[in-house]
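Chemist: Protein sequences appear in the order of chains A and B. Just so you know, the numbering used here puts 168 at position 168 of the first sequence, and the rest follows in order with no gaps. Just so you know, the numbering used here puts 261 at position 261 of the second sequence, and the rest follows in order with no gaps.
Calculated directly from the structure, the hints in this document are not laboratory data. For clarity, every value in this text was computed on a predicted model and none was experimentally measured. Worth double-checking, as some hints may not be accurate.
[Claimed, not checked] The calculated lysine to any residue pairs, modelled on SDA-like cross-linking and capped at a C-alpha distance of 20 Å, are:
#1 B/K109 with A/Q87
#2 A/K257 with B/V85
#3 B/K159 with B/E137
#4 B/K100 with A/L94
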Amino acid sequence: MSVVLRRVRTFLSVYNALMMEMRAEIVLWMLATTFPLIMMGVWYQAGESGKFALTAAAFAQYFTALFIIRQFTIVWVIYEFEGDVLQGRLSPYLLQPIDPVWRYVAQHTAERFTRMPFVAVLVGVLLVMVPDTRWSPGAGDLLLGALLTYLAFVLRFIIQYTFALLAFWTERAVAVENLWFMVYLFLSGLLGPLDVYSPTMRTIAMATPFPYMMYFPAQALLGRDPGMPWLWVLAILAGWIVLFLVINRLLWRVALKRYSAMGA
Amino acid sequence: MPPMPIIAAKDLCKHYRVGERDPGVKGFLRHFFKRKYKTVEAVKGVTFDINPGEMVGFLGPNGAGKTTVLKMLTGLIHPTSGSAVIDGRVPFHRETAFLKSITLVMGQKQQLIWDLPAMDSLRINASVYDIPQPEFEARIKELSNMLSLDGELKKPVRKLSLGERMKAELMAALVHQPTILFLDEPTLGLDVNAQAAVRDFLRDYNRKYNATILLTSHYMADITALCERVLMIHEGNLIYDGSLDGVTQRFAPYREVRLELCEPLEKRELEKYGEVESIEGREVRFIVPQENLTSAMNRMLAELAIVDLAVSDPPIEQIIGKLFKEGMNGEGTEARRDGGTKGGGQGA
């Protein structure tokens, strides 16, 4: 156990230092992911018309929650991994007695710590500037929201890492994931809350992992009714995690056999 | 009883399927609808053994298959056929004990984190290899002394010179004290002093830990300084496995004769004694086949006014360079085991 703890401590310490070095880039990335705030502007206007199930304030709060969740669930492992495979940088990692995935996990975790203060400032400014974005979550909502956000990050990471493994077969793994991301944008609730989708679209969305990575964590943070018991939401989310983990590990085994250190 | 080899490669083959495409839009379209592939035989049945503690040079021109063999021996790629056993283990099973006993240094690749001091990458490796902190500090001290690298470990990697960076890479690759080292061009791009420092370090490391080293390098000075035994690979075939001296006997059955004449002479007057390699004033360099050496020298001594005369083997760099440049000229695919070093026997 102490070996694992030491690894965790060292990895986080080193990658924290790396992320601090990259703080300027991280701020820029954060600003580049303000998509929910843009959508907030659109839906806020729509909410004022009174033609939708949610009010303007409810839309504003929803997209503020989405912005926060997105900051904590953002994943870029595919860019890093594809570069490592194509440039042959993965080779030294593969020769070490630890799965290379832990490096990427540590990088993502460390990046969250660096990003957090900037997110806090931006959200603070938003709450001051747009009073309708404010809401008062209970402790339970916060805890459940945090748990779902963490699990959403885990699922998003595993899914993207699974796509990243395609880099062993194609030099365009990122392009393949971009297709998936388009569907994710639409069905996760990033473009608009599922409450305003048609029943058919809602049914389709619920059959995919996407709402569990955005919509449900936002509902939890906002203390809103998810339309099903929270235990169900957690169980389904856990199920998606297990499913993609199994696919990921199977693919990893096949991919390792295929790896021929391209570009080396 | 001969020692058990620590590295055993038997009939190692690696074939790749590579797509072929004609240039231009027409080529693209044809390739899109009907893909053509060809099989590249990168390594064709390579067999050799290396004993514990040996330092072996692995030579071959670009694209000969050296790196592919190293990658198969480290388990990075799977052989198409044949087998590799390293210290009793199959590399591509990637057992922890195997991974802890080996390292691969690729001169053109780096594992150090670019924006952080090298010490941070070393800390990561210490935790990965489960090296206790006091032991880690002792090893860093020892390795940095051997490599003359101390304060540099606290500088960001991007600010290190190429030589310093290579030394830091070596530290990162060796901090877990592997006993089997696969080194692929470890001195690539380094200046002469840095090359010499890396060579000295590898020699010391080999002696201190009885480490087995398989080394590829384009700098013959690396090979001649470190390795008594060489493997030569050409177009995927192992063409020579033996002593470094044996390379001269096998591939250069001629001698170099240097003359200092009393008076300069025209090239055409000198050519009757042998192939004239160069003329610089009164100094002439001949290449004379081994079997003609005695008669050629007798004639030179009898017919020319000579101030000084010296006979030597041509430099190994010249032999190998010429060999690879001109091709193997029908040299078979069977490795020559001149020098009687099949399976080593020259362990340090």
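Chemist: Next, verify each hint and record whether it holds.
Modeler: Results for each hint:
Restraint check for B/K109 and A/Q87: satisfied, since their Cα atoms lie roughly 9 Å apart, inside the 20 Å limit. With a CA separation close to 17 Å, the supplied pair A/K257 and B/V85 stays within the 20 Å bound. Of the pairs offered as hints, the one joining B/K159 and B/E137 is violated, with about 23 Å between alpha carbons and a cut-off of 20 Å exceeded. Simply put, B/K100 and A/L94 have alpha-carbon atoms about 12 Å apart, close enough for the 20 Å limit, and the pair holds.
Violated hint: 3 only; the structure is consistent with all others.
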